[in-house]
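Here are the chains, one letter per residue:
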Amino acid sequence: MRFVWENVVGLVIEDSQLAIGIVVTLGITWGLSTLGDKVQDVIGWLLLALLIIVLLGNLVVTARRAKRRLA
Amino acid sequence: MALATAALPSFAASAVEFVEALTIVLAVGVTRGWRAPLIGTLAALVTLAVVIATLGVAIVTIVPEHLLKAIVGALLLLFGLRWLRKAILRFAGIVAIHDEELIYQRELAALHAQGQKRTAFDRIGAIVAYKAVLLEGTEVAFIVIAFGAGGTQALNAAIVGAIAAGIVVTALGIALRAPLTLVPENWLKFGVGAILSAFGVFWFTEGLGFAWPGDALSLVVLLAIFLTVSFIAVRMLRWLLPTGAQVAGRNV
Numbered sequence: 002m003r004f005v006w007e008n009v010v011g012l013v014i015e016d017s018q019l020a021i022g023i024v025v026t027l028g029i030t031w032g033l034s035t036l037g038d039k040v041q042d043v044i045g046w047l048l049l050a051l052l053i054i055v056l057l058g059n060l061v062v063t064a065r066r067a068k069r070r071l072a
Numbered sequence: 000m001a002l003a004t005a006a007l008p009s010f011a012a013s014a015v016e017f018v019e020a021l022t023i024v025l026a027v028g029v030t031r032g033w034r035a036p037l038i039g040t041l042a043a044l045v046t047l048a049v050v051i052a053t054l055g056v057a058i059v060t061i062v063p064e065h066l067l068k069a070i071v072g073a074l075l076l077l078f079g080l081r082w083l084r085k086a087i088l089r090f091a092g093i094v095a096i097h098d099e100e101l102i103y104q105r106e107l108a109a110l111h112a113q114g115q116k117r118t119a120f121d122r123i124g125a126i127v128a129y130k131a132v133l134l135e136g137t138e139v140a141f142i143v144i145a146f147g148a149g150g151t152q153a154l155n156a157a158i159v160g161a162i163a164a165g166i167v168v169t170a171l172g173i174a175l176r177a178p179l180t181l182v183p184e185n186w187l188k189f190g191v192g193a194i195l196s197a198f199g200v201f202w203f204t205e206g207l208g209f210a211w212p213g214d215a216l217s218l219v220v221l222l223a224i225f226l227t228v229s230f231i232a233v234r235m236l237r238w239l240l241p242t243g244a245q246v247a248g249r250n251v
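Chains as they are written, first to last, in this note's numbering: chain L, 2 to 72; chain F, 0 to 251.
In case anyone wonders, no lab produced these hints; they're calculated from the structure. Just so it is clear, CB atoms sit at the ideal spot from N, CA and C, and this is done for glycine as well. It cannot be assumed that every hint is accurate.
[Said to hold, decoys possible] Label pairs and their calculated CB-CB ranges: (1) F/N185 / L/L71: 18 to 28 Å; (2) L/L36 / F/E100: 45 to 55 Å; (3) L/S17 / F/A48: 25 to 35 Å.
Can you build the whole structure from these sequences, using the hints too?
Pasting the structure below:
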């Protein structure tokens, strides 16, 4: 069971920064969805935009880290 | 509809996982004999079936539909964006491209180095095959859940797609007795990462009560957005890094 559990965790968490970013984004989206109908109407697109920012941010950080290592 | 949104993507994504499992099982079988890896594979399939049957049934029967969609969506985003990130890094040259032949040769060398007593049961071979099949099988389970979260019809289509992929890959493996290097794994992983992420956004927000315009058709728009962003990200990373710069994937 421990091996299965480690596998499942490994499947979703490879880069902890990205995983934390996604979880925080989901939390923010969930929080905003409780505020009312106006926010509720755009919550899908808002989540999409936030996730793209998180992904691109993570990629830039990773690339810079790689660039520093090469320098 | 279920064929397009569940069966076909499930087939493509599961095929990638089966190819990876096949590479390891083949390497074990070729170097150490077939009895142990086949027992390891069978044991992993039984473990997977037990875990999926107990956890899956418990989750589906206990958790309310909206909450289930949100949970599935969240897991899909964690899983899908992880794939997409790695695919972008591979295409940008920061992580080494996945090479099934290279993995196969490395596995062969490692297994040869382990040595084997001819008389005893090959425990190492069984464990290596067990771990590989369990790991890739868990990913297939995720994929089936992802594409089957839309309801019974979608779930059945996703299961059929995954089983078909398993049969095709296994049959090709038996016929060729070599890793399936012709499968464009890197491209498939790129596409599947984007598909899983699109499904993740769709299910999570549906779980929160958001109604997507055009319902399931909006998945096409979400997928197009993820693919466009990924393409831009690859170009951006290539621009950020010096030409030809490559670092070992495991260090990133």
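Structure-based check of each hint:
no., hint, verdict
1, F/N185 / L/L71: 18 to 28 Å, "holds (22 Å)"
2, L/L36 / F/E100: 45 to 55 Å, "holds (53 Å)"
3, L/S17 / F/A48: 25 to 35 Å, "holds (31 Å)"
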